[in-house]
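K.L.:
The primary structure of each chain is shown beneath.
4 protein chains.
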Amino acid sequence: MSEIEQLIKSINNFRDERNWRQYHNPKDLAISISIEAAELLEDFQWKSSEEALKANSENIKEEIADVLIYSLMLCSELDLDVEQIIQEKLEKNREKYPVRKE
Amino acid sequence: MSEIEQLIKSINNFRDERNWRQYHNPKDLAISISIEAAELLEDFQWKSSEEALKANSENIKEEIADVLIYSLMLCSELDLDVEQIIQEKLEKNREKYPVRKE
Amino acid sequence: MSEIEQLIKSINNFRDERNWRQYHNPKDLAISISIEAAELLEDFQWKSSEEALKANSENIKEEIADVLIYSLMLCSELDLDVEQIIQEKLEKNREKYPVRKE
Amino acid sequence: MSEIEQLIKSINNFRDERNWRQYHNPKDLAISISIEAAELLEDFQWKSSEEALKANSENIKEEIADVLIYSLMLCSELDLDVEQIIQEKLEKNREKYPVRKE
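Residue numbers (our numbering), protein chains in the order written: chain A, -12 to 89; chain B, -12 to 89; chain C, -12 to 89; chain D, -12 to 89.
Keep in mind that a hint or two might mislead.
Since the list can't tell identical chains apart, any single copy or any two copies may satisfy a pair.
Derived SDA-like pairs (lysine to any residue); straight-line CA-CA distance at most 25 Å [claimed, not checked]:
id : residue 1 : residue 2
1  : Lys48     : Glu(-10)
2  : Lys(-4)   : Gln9
3  : Lys83     : Asp68
4  : Lys48     : Pro85
5  : Lys(-4)   : Pro13
6  : Lys41     : Asn0
7  : Lys41     : Glu(-10)
8  : Lys79     : Glu26
9  : Lys83     : Glu70
10 : Lys(-4)   : Trp33
11 : Lys48     : Arg5
By construction, these hints were calculated from the structure, which means they are not laboratory data.
Based on the provided sequences and hints, a complete structural model is requested.
P.N.:
So, in structure tokens, the structure goes:
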């Protein structure tokens, strides 16, 4: 089992031990990603990057983890291969933003 | 190199070929995660989960990928181990939400 | 009719001429506020405030308008008095953050 | 003084009594609108509109107020006329989404 599959398995175990899957429809998972992303952003509110990292580095770590956890849950729910969707998006971005040759 | 390290390497290569690292301070990366999370959410606006998946499944895939790409970029920028921060957050959540034993 | 009531009337007219009220449940209106707020934020992505205002001032105006339009729609849907909820929130904030006397 | 000007005056007074204007650059105000919009959205997480209103109606009121407070602050900071930007956006939307005549 790959590293990412392993992580998704840990996340889904956590969810299933609490019987939470019933609430986890894709729309509410997408809502949850936005909420966690905003909680991460809150660590940077009224601050420069440096000030934020100095004041909130522990919480920044946890909020990024929350964004990742919900994103991986949504991938699992929709049967998406994490590596594949990232590589395909990078490929698309490469076409959209070609490297300028001098 | 692990699967996640490999993904981060692909992402950072994409960024560095375009000389974009200069813009990628942690605060703007956190902003970018919020923006992409909202673009994902837009696929579900005025729709049920089922309607959204039917109408927008291709775009949903791309927007989740964008959230993951910026989140992994921020992990890389802050020298965070993705697997570790997820496992630590799950551990913290386990303590916060103990499984109810019947 | 007060200025704000007049604005809400214009907004609701726009909606009703298009028969959109059927989609405008409070949850999707809250989702829409988040989406518009992120579109506003996008005007500031990778930029200082000054750079953003120079590059995107026209769009910034429109995105703030969109945030306000959906927020007023939600107030109208929930029968909330805009002036009252703002004054009550300011009162609560005054208690939470008392002015420091020298 | 109009109703909205009066509200903005109350909001700015609250800010100035606490000497907070120094932090309130447009980029951080835009960030703050996104954060408050997500806190509003949190009241609807894992819930239908009806369940959310039943469980969280008091907090929903406060979070809409926070979105409005920061949006009005940003209008004031950028010298935007609230009524004018809303009417102009509605006009633009009317052109973008013409009413279908039967």
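K.L.:
A separate judgement is required for each hint: does it hold in the structure or not?
P.N.:
Outcome of the hint check:
| no. | hint | in the structure |
| --- | --- | --- |
| 1 | Lys48 with Glu(-10) | both (19 Å within a copy, 20 Å between copies) |
| 2 | Lys(-4) with Gln9 | within (17 Å within a copy, 36 Å between copies) |
| 3 | Lys83 with Asp68 | within (23 Å within a copy, 30 Å between copies) |
| 4 | Lys48 with Pro85 | between (33 Å within a copy, 22 Å between copies) |
| 5 | Lys(-4) with Pro13 | within (18 Å within a copy, 29 Å between copies) |
| 6 | Lys41 with Asn0 | neither (34 Å within a copy, 28 Å between copies) |
| 7 | Lys41 with Glu(-10) | neither (31 Å within a copy, 30 Å between copies) |
| 8 | Lys79 with Glu26 | between (29 Å within a copy, 17 Å between copies) |
| 9 | Lys83 with Glu70 | within (20 Å within a copy, 31 Å between copies) |
| 10 | Lys(-4) with Trp33 | between (37 Å within a copy, 22 Å between copies) |
| 11 | Lys48 with Arg5 | within (24 Å within a copy, 27 Å between copies) |
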